[in-house]
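Engineer: Sequence:
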Amino acid sequence: MAKFMDVHHGMTGITEEQLRMAHQADLDAEGAEGVHFEQAWADPASGTVYCLSEAPSKEAVMRVHERTGHPADEIHPVPLMV
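Everything in the sequence shown is counted per the working numbering, starting at 7 for the first residue and increasing by one.
Warning: the hint list may mix true and false statements.
Quick list of simulated restraints, FRET-style, between CB atoms [as the list claims (entries may be wrong)]: (1) Asp49 with Gly75: 28 to 36 angstroms; (2) Glu80 with Pro50: 29 to 37 angstroms; (3) Pro62 with Gly19: 28 to 36 angstroms; (4) Met27 with Leu86: 14 to 22 angstroms; (5) Met87 with Asp49: 30 to 38 angstroms; (6) Thr18 with Val88: 30 to 38 angstroms; (7) Leu33 with Ala8: 12 to 20 angstroms.
The hints are simulated quantities; they were obtained by calculation from the structure and are not laboratory data.
All residues carry an ideal CB built from backbone N, CA and C; glycine is no exception.
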């Protein structure tokens, strides 16, 4: 499985509770696509949200986010980590 970092824009003012709920929605839906969302981060001032996942493909990550109502604007493979 590969790692992916996806980015969501336009979520200005997102609260910790809203981020937690969005992340939980992803966790609830991830199994159908073989994805595992590991962590999410947000910058409420800029409206940017980042999600780290492990998945069989970029498309699988995209499908989960679309299903949960918050499609990603960008999805990047993360081939190297330290």
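Engineer: Are the hints correct? Go through all of them and say.
Structural biologist: Comparing the hints with the structure gives:
As the Cβ distance of Asp49 to Gly75 is approximately 20 angstroms, the hint placing it in 28 to 36 angstroms is violated. With their beta carbons about 19 angstroms apart, Glu80 and Pro50 fall outside the hinted range of 29 to 37 angstroms. The supplied range of 28 to 36 angstroms is met by Pro62 and Gly19, whose beta-carbon atoms lie about 33 angstroms from each other. Range check, Met27 to Leu86: Cβ separation about 32 angstroms, and the 14 to 22 angstroms hint is violated.
Judged by the Cβ atoms, the range 30 to 38 angstroms given for Met87 and Asp49 is violated: they are separated by roughly 21 angstroms. At about 32 angstroms, the CB distance of Thr18 to Val88 agrees with the hint of 30 to 38 angstroms. Look at Leu33 against Ala8: about 19 angstroms separates their beta carbons, and that is inside 12 to 20 angstroms.
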